[in-house]
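*Asks:* Residue numbers 6 to 210, in this note's numbering, belong to the letters of the sequence shown in order.
All the pointers check out, no bait thrown in.
The calculated label-pair distances, taken between Cβ atoms and stated as ranges, are: (1) Trp-40 to Leu-72: 23 to 33 Å; (2) Ile-50 to Phe-17: 48 to 58 Å; (3) Arg-91 to Val-27: 48 to 58 Å; (4) Glu-146 to Ile-49: 37 to 47 Å; (5) Val-27 to Glu-173: 39 to 49 Å; (6) Ala-70 to Ile-39: 15 to 25 Å; (7) Trp-40 to Ile-134: 35 to 45 Å; (8) Glu-146 to Ser-52: 52 to 62 Å; (9) Ser-165 to Val-27: 22 to 32 Å; (10) Ile-39 to Gly-181: 29 to 39 Å; (11) Glu-173 to Phe-17: 53 to 63 Å.
Source of the hints: derived by calculation from the structure; they are not laboratory data.
C-beta atoms are modelled at their ideal positions from N, C-alpha and C, and glycine is treated no differently.
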Amino acid sequence: MKKLTFENITNFFLKNFFQGLVIIGPIGLTIFVIWYVVTSVDNIIPSVAKEIPGLVFISTILITALLGFLGNKFVVGKFFFDLVDRLLEKTPGVKHIYTPTKDVMSSFVGDKKKFNDPVWVKTNANPEIWRIGFLTQKEMEDVDKHNYVAVYLPHSYAISGWVIVTEEKNIKPVVGMTAASAMKFAVSGGVAGFHSDDNIFKAPE
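Construct the complete structure from the given sequences, taking the supplied hints into account.
*Replies:* In structure tokens:
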């Protein structure tokens, strides 16, 4: 049995303290983000939020889902939303805000999402270095880049990223990972495993 010393007690406490942070940190941050989003949407109509907390948020979610359903399933709804879309895309000033926002959101969600084709990209020949990314443009001939492709490379632990244009021969399809798993692997800095539920990192005992 080890002799109890101030140093041993301190090390034991700090080890368990930091292990506790690993456990409660993600939980606490998740709760905070959810609470922030809910309260922010609720505050759109403060008087209703004060009487029935959460009602504005739930109503917003339901209305958004309803609009998505009407825009996809009904001819009249699709015609109306397409008309509004064309109007906003041609309105001076407004189009510079609306179009980029629509393109970015469509890349992540919806039927036209772009980040669903994960690839390995060779970014250095000697030594050979590969990065994981998402193929966003399969051809660049319109800008005089024949046999070139555009690949989005997400940053680790961030929602940002950057786009590179490289020769088609420098990319390979990712095998054994879904698009969601590939994004998780890239954003986590490689800590997340190759399958969505795997984690290759474990805290030391």
